[in-house]
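Construct the entire structure; sequences and hints are all you get.
Sequential numbering of the sequence shown, starting at 75, is according to this note's numbering.
Hint data in this document are derived by calculation from the structure and do not stem from the laboratory.
For every residue, glycine included, the Cβ atom is placed at its ideal position computed from N, Cα and C.
Now the in silico label distances, taken between C-beta atoms and shown as ranges:
#, residue 1, residue 2, range
1, E88, R125, 41 to 49 Å
2, L272, S89, 42 to 50 Å
3, I116, E92, 19 to 27 Å
4, P299, E161, 21 to 29 Å
5, L291, Q184, 42 to 50 Å
6, E104, G293, 15 to 23 Å
7, G273, S98, 54 to 62 Å
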Amino acid sequence: MEDLWFEEELVPNESTIEEVVKSSPSKDSEINQQVRSEMRGILRVNRPRGRQLNQQEKDSLLMSGKKADFYLVRLGFQFDITPKAREHGYCFVEGRCSARLDPAQSGQPQPTVYEVIPRDHYKGKPCMMGVKISPTIQLGMIQAEIGEVSQEISVGYVETEIVGWSGDNECEPYWELRPQSHNLKGERHLWLIVEAPLGCSGVLLGAKAEGILRSRLFGLFHVGPRISHWNKRRKILI
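See below:
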């Protein structure tokens with residue numbers, strides 16, 4: 075994974091662990107130890123790649139004529155599991171990737187989401203997503219062979235069921251991923267167009283993810299970061 079920003083474990087909460095232990099026919103101490111050592115995933119997050127849109131690109135977005143800066147940001151998330159969990163048949167079947175936008179300095183206007191990419195719920199075979207930046211920005215599905223999208227920024231092949239939202243107050247965007255293969259693995263690229271109003275000198279961005287793990291022994295269960303509150307998580311200036 076190129077340009078890693080951070081890596082963290084995704085773990086079940088205590089109530090989930092207690093439910094699994096109680097429902098198991100094995101001795102509590104044995105199953106408790108197994109649960110805590112196996113029931114976890116790994117999240118790796120790329121350092122976000124972003125650039126400010128030029129005036130021509132901004133003009134294609136600003137239909138109202140209001141003054142603002144816009145940033146095109148790419149996020150990269152990788153869902154993985156530990157070698158021990160892999161040996162016992164664990165895999166991610168669902169994921170939720172989230173971001174948080176804040177102004178570069180306290181008291182400045184709040185940046186918001188102009189667009190999340192992908193946003194829609196896709197069905198059918200995998201297809202090529204793209205964001206065409208020049209001469210104007212075009213959002214949405216681009217169904218073409220690889221050789222026919224040379225003027226687009228390739229987001230990658232998208233599996234079934236990816237839905238994006240602008241989130242709370244349009245500053246906490248998130249995507250829900252449910253792969254058709256029921257095995258969420260590898261790297262996923264997601265894109266944002268961020269609007270920074272006049273007076274906002276830059277955008278601080280945070281990222282996190284959670285998911286549903288499947289185990290042959292324990293079934294389906296939720297895992298997430300140990301620290302989930304945005305105020306306590308790392309952020310980066312884009």
